[in-house]
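Next come the chains, spelled out residue by residue.
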Amino acid sequence: MARKISYQQAINEALAQEMRRDPTVFIIGEDVAGGAGAPGENDAWGGVLGVTKGLYGQFPGRVLDAPLSEIGYVGAAVGAATQGLRPVCELMFVDFAGCCLDQILNQAAKFRYMYGGKAVTPLVMRTMVGAGLRAAAQHSQMLTSLWTHIPGLKVVCPSSPYDAKGLLIQAIRDNDPVIFCEHKLLYSLQGEVPEEVYTVPFGEANFLRDGDDITLVTYGRMVHLAMEAAANLARQGIDCEVLDLRTTSPMDEDSILESVEKTGRLVVIDEANPRCSMATDISALVAQKAFGALKGSIEMVTAPHTPVPFSDALEDLYIPTAAKIEAAVHTVMKGRNAA
Amino acid sequence: MSQIHTLTMPKWGLSMTEGRIDTWLKQEGEHISKGDEVLDVETDKISSSVEAPFSGVLRRQIARPDETLAVGALLAVVVEGEASDAQIDAVVQRFQADFVPGDGAEQDSGPAPQKVELGGHRVRYFDLGEGGTPLVLIHGFCGDLNNWMFNHPALAAERRVIALDLPGHGESGKHLQRGDLDELSQSVLALLDHLDLGRVHLAGHSMGGAVALNLARLAPARVQSLSLIASAGLGREINGGYLQGIVAAANRNALKPQMTQLFSDPGLVTRQMLEDMLRFKRLEGVDEALRQLADALASDGVQRHDLRPVVAQQPTLVLWGSDDAIIPATHVDGLPAEVAILPGQGHMVQLEAAEQVNARLLAFLRGH
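As given, the protein sequences belong to chains Z and L, one line each in that order.
If you use my numbering, the first sequence corresponds to residues 9 to 347, in order.
If you use my numbering, the second sequence corresponds to residues 99 to 466, in order.
It should be emphasised that the hints constitute simulated quantities derived from the structure, not laboratory data.
All figures in this text were calculated on a predicted structure; none of them were measured in a lab.
Even for Gly, the Cβ is constructed at its ideal location relative to N, Cα and C.
Where hints are given, some of them may not hold.
Derived DEER-like restraints, expressed as beta-carbon distance ranges [claimed, not checked]:
1. L:Gly179 with Z:Asp247: 41 to 49 Å
2. L:Ala188 with Z:Gln66: 54 to 62 Å
3. Z:Asn114 with L:Pro209: 56 to 64 Å
4. Z:Arg243 with L:Gln212: 37 to 45 Å
5. Z:Ala127 with L:Gly217: 43 to 51 Å
The shape of chain Z in the complex, shown without the other chains (with noise of 0.2 Å):
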């Protein structure tokens, strides 16, 4: 049997691997070494929440704190992706996208477009996602949306240890910039995770469990909601078909036509706020290309159109839930005609 190790684990792994396969891979972030120079430096956090702990030494040079400056590091990554080598360079919360954010729209989505496709620019940024931290409105966003909305970027939101090693791995042998959203809540979840290197191919959404009554799509930690409601809803008699993306960009257009077409029902689940969201992608897509399976309405699970907040109370409620993933399938299945 597999072994089973943590998703922030299978993180770890997949860097370390592809480490000491590629000496053109290095990781640049703010405390990524755990404060470099400082007394103790090799035994440090390893990132704020301690997902790159432990290779500062196993890599010497190649583990770089940098200053507190988005503007900074994650330039210099971007330089250095254009000049041959292979940053993975640590965002360490989404929320600070706008403190870098020209460095990524403006430069490293662009150069390939912009250089006839001569330019590769190998760049991943590692960040993370997502709330029920209790950590507030700028520590807690789920901006995968927005990265995807930019032609150029990759974006990768993996939702299990499984995905998060085999996806990281493609990530940083990908010769374009990849944003790899890593939810807080799932650093601890345990999974079966091969020791031996693999990949894990990006536009390949993942069907987690086949059903014939309704289609859930969703990504990152929504899928654990999804399965949930999943299994509540095989006792009531009501068969769903859970499809995570894996991936928002590219994002697997064929499966998810391919299950609403055999379903005829959608739910879109998504973590992130509605206006301009995965939802409302994805529902939109289905609407013109498989409008005439569908036999109900489409719902959409998502946060609503608010900042996340700060009370225990209301980030609970902002947060979808297994509960609201049901209901929004039992409104779907009563069917156009109904109500």
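For chain Z, the structure is supplied; the task is to place chain L on it using the hints.
Here is chain L on its own, set in the frame of chain Z:
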């Protein structure tokens, strides 16, 4: 002398933790014989029947259809001789009071496969049972030691039985040096040497059959008998479309039509079975290893190795499913061996008709 037996949820393969009861095949009050199929159970990986390891009257069905129970949980009570309902109640009560779900399913409890480095290559093997002349189980192309999950424990009741992952497969090393049949056979020989096994019975499925035949050709003194199941190396034809398709398949839509060719019941190809195959195929080195081996085995639907002359060299049992869509059962014609064709069965006959295959193998091995 009466005896009250408890029939429990079996553990099929290394990762099974629970199973869902499908249907009862025997009713309360019916007499069952050892080896009879008593009920159907479904796991996320595969469906199969639970066989009675004892004879007697099925007195109590404990598990209900659609119920999901942990490995080791009580399924039924079977009584040899006489027992009152009160005695049965007492046994059930004691069992349920002592049973801790997960105990029997924990990965670190019970026998587990081992890994060893042999000549710079990692080899995983699973060693069960003891005594007698050992039997070595060799899986086929794209398989691993889990292909024997319904056979290995039953066969190990009578002797030591070792299943291995061939190079390029399972959790063994993926890098092949030459990528030919000799390399595979020599890797099995290296494991025999490591385990200090002089002479063994070999059983091989599909490509594993050719590996066993080839090992007998290279080292006849090491082979007591051969059991060949839907074996390669015994004729010209092989389903070239399947070989190419399974090597090329990179997602579940491409994989499913290939995998369903392996079984007589396509419903056995579950979501989890496809996912496990994709996970195997994503491991670094697997794609190259499979391409090398597919090339070494066959070209344009014609097998490269004719190992028929090896069959007469030692006692040999040949089993085949009549409806095998990968290698035709007609290859048994004219073989100097004990031959059995299992009607209605496909290529993965040891999984789909485990009970029949086990009975044939056990009887053959007892005689040799």
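Here's how the hints hold up against the structure:
no.: 1; hint: L:Gly179 with Z:Asp247: 41 to 49 Å; result: 46 Å, holds
no.: 2; hint: L:Ala188 with Z:Gln66: 54 to 62 Å; result: 59 Å, holds
no.: 3; hint: Z:Asn114 with L:Pro209: 56 to 64 Å; result: 59 Å, holds
no.: 4; hint: Z:Arg243 with L:Gln212: 37 to 45 Å; result: 41 Å, holds
no.: 5; hint: Z:Ala127 with L:Gly217: 43 to 51 Å; result: 45 Å, holds
Of the numbered hints listed earlier, not one is contradicted by the structure.
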